[in-house]
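Since the structure of chain A is already known, use the hints to place chain B on it.
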Amino acid sequence: MILAFLILLSFQLLGEAVVHSLNLFIPGPVLGMVLFFVALLVKPALKEKVEVLSRSITAHLALFFVPAGVGVIEYFDLFGRYGVGMVVTILISTVITLGVTALIFHQLMKVGSKGGPA
Amino acid sequence: MMELLALIMTLGFYLAARRISSWGKDHPLLSPPVLTILAVIIMLLVFKIPYKEYFQSARPIHFMLGPATVALALPLYNQLEKLKKVLAPLMVALVIGSTVGILSAVFFGALFGLPHDVLLALTPKSVTTPIAMGIAEKIGGAPSLATVFVMITGIAGAIVATTVMKLVRVQDPVVKGFAMGLAAHGLGTVRAFQISEMAGAFAGLAMALNGLMTAILVPLLLSLIP
Chain A
1 MILAFLILLS
11 FQLLGEAVVH
21 SLNLFIPGPV
31 LGMVLFFVAL
41 LVKPALKEKV
51 EVLSRSITAH
61 LALFFVPAGV
71 GVIEYFDLFG
81 RYGVGMVVTI
91 LISTVITLGV
101 TALIFHQLMK
111 VGSKGGPA
Chain B
119 MMELLALIMT
129 LGFYLAARRI
139 SSWGKDHPLL
149 SPPVLTILAV
159 IIMLLVFKIP
169 YKEYFQSARP
179 IHFMLGPATV
189 ALALPLYNQL
199 EKLKKVLAPL
209 MVALVIGSTV
219 GILSAVFFGA
229 LFGLPHDVLL
239 ALTPKSVTTP
249 IAMGIAEKIG
259 GAPSLATVFV
269 MITGIAGAIV
279 ATTVMKLVRV
289 QDPVVKGFAM
299 GLAAHGLGTV
309 RAFQISEMAG
319 AFAGLAMALN
329 GLMTAILVPL
339 LLSLIP
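Chains as they are written, first to last, in our numbering: chain A, 1 to 118; chain B, 119 to 344.
Treat the hints with caution; some may be incorrect.
Rough simulated footprint, nothing fancy, chain B against chain A, three-plus residues with beta-carbon under 8 Å [unchecked claim]:
1. 5-12
2. 52-64
3. 85-95
Bear in mind the hints are in silico, worked out from the structure with no lab data behind them.
Where is the CB? At the ideal position from N, CA and C, for every residue including glycine.
Only chain A is shown next, with the shape it has when bound in the complex (with noise of 0.2 Å):
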């Protein structure tokens, strides 16, 4: 439990390094978690050793995100301004990128598997 909280902790830690040092865009853990997909591709024993606690720890990532949701309540302000129109966007946004991405990852994958182009 500790090697595997060590494990995740190192990768994160060469990810931030890595994004500090280059400049990069994207947060550290982020490029933490490609690292280590990398990592378990180049050895795979790896996922025994944090399996038990990297199962925990998604289950709970709801969690995870509270603190910084919370934060929402120092723009109430702003809402009283544009509140309608920023939220019906996002909402209408969030709807037509879900239904596209879905149908045309769904659709391509039934093409893919009707034996490729004819």
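Below, chain B without anything else, positioned relative to chain A:
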């Protein structure tokens, strides 16, 4: 003492929210993170606790977001065979989905008469907070406003995702998860994990890929923003 109270309150509300959500058969309106966030906001307003003080105290919980993001590599690795099979359609869906996410926000925002700086902050709404803040900063939008839009998108995505999937008649957990992570980052991923581990794995992947894709596309599409 404030630190303990903030932690106990957050953990307690979270457990209660999970219980309510499972009583309601994981109904999208009963999203555990959304319920927990609302409950904490109410407590802060009632007891007049400044957000900064709460955040400082709840930091240990926030800290776990980093290692939890790294840990998302594992469910994805477990789906490696599946990932290899769908890689080409997945990449096409990524490019189109990401573009649609950015342009639809700009289009409807302009339609509703939102000012230029608000439109700029809307462009990275589908991606995870730190990337969104970075993008907003780079193009001259307000990073703090971008953060709020990211949160609203996540909440909206968690609530509408399953309904939209029914509308477009998609049942494949891979496709569902990917669309949720792409459109609604971490909160979409949380919702996808409620469907299945496979959906969650592809949501985590979509979240990471769309973060990168949006960072590339937004500066390219900048001239289209009114």
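Results of checking the hints against the structure:
no.	hint	verdict
1	5-12	holds (count 5)
2	52-64	holds (count 11)
3	85-95	holds (count 11)
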